[in-house]
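Asks: Going by the working numbering, the sequence shown opens with residue 187, and the numbers climb by one from there.
Bear in mind the hints are in silico, worked out from the structure with no lab data behind them. Please read these numbers as outputs of a predicted model, since none were measured by experiment. Hints may contain errors.
[What the hints assert, rightly or not] Below, simulated EDC-like cross-link-like pairs (lysine to aspartate or glutamate); rule was C-alpha separation at most 20 angstroms, straight line:
#1 Lys311 with Asp245
#2 Lys225 with Asp198
#3 Lys240 with Asp229
#4 Lys467 with Asp399
#5 Lys311 with Asp399
#6 Lys225 with Glu235
#7 Lys525 with Asp627
#8 Lys237 with Asp249
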Amino acid sequence: MTRTNLMARNTDMRWRLPLVCLLWEVAMIILFGVFVRFKPEADAAGWAEEKKRKNITSDAENDFYFRYPSFQDVHVMIFVGFGFLMTFLQRYGFGAVGFNFLLAAFGIQWALLMQGWLHTFENGKILIGIESLIGADFCVGSVCIAFGAILGKVSPVQLLIMTLFQVTLFSVNEYILLDLLHVKDAGGSMTIHTFGAYFGLTVTAILYRPNLDQTKDKQGSVYHSDLFSMIGTLFLWIFWPSFNSAISNHGDAQHRAAINTYCSLAACVLTTVAFSSALEKKGRLNMVHIQNATLAGGVAVGTSAEMMLTPYGSLIVGFICGIVSTLGFVFATPFLESKLRIQDTCGIHNLHAMPGLIGGIVGAVTAAAATEEIYGPEGLISAFDFSGTYAYRNPSVQGEFQAAGIAVSLGMALIGGAIVGFLLKLPFFGDPTDENCFDDDVYWEVLEDEESSLYSMQDSNGKSPTSS
């Protein structure tokens, strides 16, 4: 039996994958038909009534024209940024981009329903608009983060099952934080990054493979795979200000969120380069650090981005996160694998988990330190929605609730990740054997000449996040 046939026998997706995809899409069609309708801004009759009721004279005032540019940027980050960021593995480029594409397209449909039931359910219907699409992308962003921890070690069916449950848990966690606790988290340091990262780390800990050393030759990178990964980095880095400001209130909050993110990202690059050079032999830069740690500033400023963090405060956050993330790749990743049995393929602990926690803490401190002198009386009320049900709150109380949000996200991620991890251990999902991990040939058609070229490429200097 040939090598390819042996892998196909162990991981045959001929019936499982089509069955999951087709049943899921049929279920989505039915559920969308029953529940989903356009918001007034996207409905022909509804928009006409809305214009008359609010005395709107121009279609340019439709929310679409304010939100769609940010939606485009976020959409590119999810499908291009995250997808190409994970192509550093020399033999898993198809799996990185293709499975990211699959789980995101799978997840946004369920996210529209889950978030709709929790946030925009009116008179038995879910009303969706452009902001709903941004929210769905945010949701699957957390799944893309978790995917980074298990990249190359699971089957597409396992990924789809994980996406189904993670989207559900994300939506519930988001509802608890944003609606019940009324925390501010515009860029998702807590709801997206902390939750997604610790969920993924817990799943990969449950799915621990003690014999993964059999694939050490495939866990490294080669020159061109690192170059493709850098494409993802640059897309994420460029569009991150849109990500953190996409759902902020129009006006000063959205403007401020973009500026704070921009400054934090810029500072993060400098400290990442400095520490990468200082920690590597002969002062050479490690491409793993440049691909990942340079983005940590965007993660860490997410919660506080729309607050009065100030530009110099943003620079401080980016400065710190470049150091923390780079040190994480050098010291924390090997420790997690050798001592805690956490095999983190993409190093999401260093890019999303630790910076996410830092972001939550920075948000809590910034909220607690808010004053009328800084924000102005009306600005303070507007920035934290201290009105109606929440008129009793002051900055100190808001800071306490922000801190509580960190704990809730951590708890939901760890408990949910453990449950889903044990579910994915069930033996009928077609996961690869240890020697077949990190290999496109297991689940993808690879042309014979390309396959032979792929297996002949060896780079003794190639490194992955797990080997740095």
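Asks: All the hints need checking, so say for each whether the structure fits it.
Replies: Verification of the supplied hints:
no. : hint               : result
1   : Lys311 with Asp245 : violated (25 angstroms)
2   : Lys225 with Asp198 : violated (43 angstroms)
3   : Lys240 with Asp229 : holds (16 angstroms)
4   : Lys467 with Asp399 : violated (24 angstroms)
5   : Lys311 with Asp399 : violated (51 angstroms)
6   : Lys225 with Glu235 : holds (12 angstroms)
7   : Lys525 with Asp627 : violated (31 angstroms)
8   : Lys237 with Asp249 : holds (12 angstroms)
Checked against the numbered hints listed earlier, the structure breaks hints 1, 2, 4, 5 and 7; every other hint is satisfied.
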